[in-house]
Amino acid sequence: MTHLIAQILVDGFVISAIYALGAAGFTIIFGVSGVLNLAHGAHLVIAATVAWLALTQWGWGLVGSSLAGIVAALISSYLLFGGVIRPIERSRRIPPEEKEIFTLTATLLVGIIAQGLLSYFFGSNPITTSPLVNGVTEIIGVRVPTNELIIGAVAWVVLALLWLFVHQTRLGKALLAASMSPRGLALIGVELNQVHFIVWGLYGLLTGLSGVLLASFLGASADDIPGLTALAFTIVVLGGLGNILGSLGAAYIIGILGTATAYLVSSSITELPALFLLIAILLVRPQGLFGRQ
Amino acid sequence: MKRYLLSIRFWLVLLVIVVLGLLPFELSYYFLGVLTTAYLFSGYAMSWDLLFGYSGEVNFGPTFLIGLGAYGSALLDVYAGLPMWLCVILGALIAVAGGLLLVAPALRLRGPYFGLITLVAALILEKLIVIFASVTGGEIGLGVPDILSLSTWVNYYDAYVFMLASGLIMVLVSRSSIGLILEASGQDPIATQALGLNIIKYKLVAFVLSAFISGMAGSLTVFYLGTASVGTVIAVSVTLQIIIATVLGGRRSIIGPALGAIFLIVAAELLRPIGQLNEVVVAVLALLVLLFYPDGFIGLFKGRGRGL
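Residue numbers (the working numbering), protein chains in the order written: chain A, 1 to 293; chain B, 1 to 308.
No lab work stands behind these hints, which were simulated from the structure alone. Watch out, some of these pointers could steer you wrong.
Said to hold, decoys possible - Interface residues of chain B toward chain A, partial, derived using beta-carbon atoms under 10 angstroms: (1) Phe52; (2) Phe60; (3) Arg108; (4) Val120; (5) Lys127; (6) Ile131; (7) Val135; (8) Ala194; (9) Gly196; (10) Asn198; (11) Ile244; (12) Arg251; (13) Pro273; (14) Gln276; (15) Val282; (16) Leu291.
Glycine included, every Cβ here is placed at the ideal spot set by N, Cα and C.
Based on the provided sequences and hints, a complete structural model is requested.
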């Protein structure tokens, strides 16, 4: 029994770290530019697929292929921003109060298009890149692949850097300010367009890295796109939209709950308890567990 | 009345209705079957538009209501052996109960939060059906003993009448003061309440009506196909199709989404030769319409006056 609990904690710890990293970009982009990107899963899978292509087909090596995956997500992020988000924000034919709904629907469509194209060219079998590191490490009596631990550590380091960036640098503070009051930020002379440009770049980098790690740990396929989007959406809403630390907490609740369900009950209902929890929490606290009203 | 007679849209819609009514004299049985599916599907799209277009609720789980109606009536038919039409009505009422379940969060949650709750409701329903496969047939589907009709013509006209009747009811509701108040509460709930209007009452009407028609469409689909399956009434892909149909046809018009639904089903049939990519083509088309013609097909005929 203790062994089982240790197993759940260690596994859950790593999975949750990846969930948190994957959702970080989603929550930042919502916080700063107010966009709920329902094509989120597509960016993750695009990064994973390009990293896999570079590694197995083009022979770029580990670092090169990881960078290729991240750059691919960066490009797709800017394409979405320039090709869909911007035109909707600037459109005169869409009434202002409906822009949010239009962005939701448009990003949803982009997700479907990406899913269709990826599954046409690469099939629906999950692609998996080789582990970053081989071997097994023993922690509190549980044998874990070293790769898994490294990925967990990378996710934590990046999240810590992100926190430092947002709270300690001038640019990061500008992003934070934009999430609180865009108008206030514009009033003190900060160009909002620049802030949006930077935040979409940051989104691409974070999502790209998560996608690359995903490919090396769980694998990814076009069919995962809606599920990955829904997972990020769930984590971010549970943690309070736009709240980075909140989504870290929420990622851990969902990750550990899911892992525990998979080990103790059945892996076929992994998501179910988290879904019920989500409904319960939203009904009691619509702003999420750690959200501000 | 005179306003309607002068509007181009009114005459176009009337023309389309008459042409669709005469189609069985021209088309093959195969194509009539495709249109029958399309008419039932238009019930999903129109009732989604009532919530989305008018009261501004982003319902990402219309299949929660459709699925409740579909599986509710299928289970009653299989296990209680009730007559088919009774099952259809009861299925619609079960969906209404589901709709009432959604009103509570809809009154508390706005925009994306409500969207997520509805998405989750549909996902949970799908999982439950798969888990209790011994009763519900799970992923394989649940065959029903009763069937709408063996005649292609009767099926066609059943679906045709269903589409026209539910469309007419929703058009009337949306053009009445109920529709206006819903639109107002969707845009600014606080201002609407400040005018002394009881938003709760109107949202209740919208949800109950939308759920009744979704549930009925779902259960008719089951009795038309002879089987209830997750892929045709609950899966997320069905939700996506509903959203695409509404956007293509033109939101907030009831008639637009119905046209969008017919277009979508027929286009998928015509694009079948290109295989897997047909979904991509349709999604790209919907995205372009959304970006460049946000009012959809129906917006092209706006012409003078608001008319129909």
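Checked hints:
no., hint, verdict
1, Phe52, "holds (8 angstroms)"
2, Phe60, "holds (9 angstroms)"
3, Arg108, "holds (6 angstroms)"
4, Val120, "holds (5 angstroms)"
5, Lys127, "holds (6 angstroms)"
6, Ile131, "holds (7 angstroms)"
7, Val135, "violated (16 angstroms)"
8, Ala194, "violated (17 angstroms)"
9, Gly196, "violated (22 angstroms)"
10, Asn198, "violated (21 angstroms)"
11, Ile244, "holds (7 angstroms)"
12, Arg251, "holds (9 angstroms)"
13, Pro273, "violated (15 angstroms)"
14, Gln276, "holds (5 angstroms)"
15, Val282, "holds (9 angstroms)"
16, Leu291, "holds (5 angstroms)"
Hints 7, 8, 9, 10, 13 from the earlier list are contradicted by this structure; the remaining hints agree with it.
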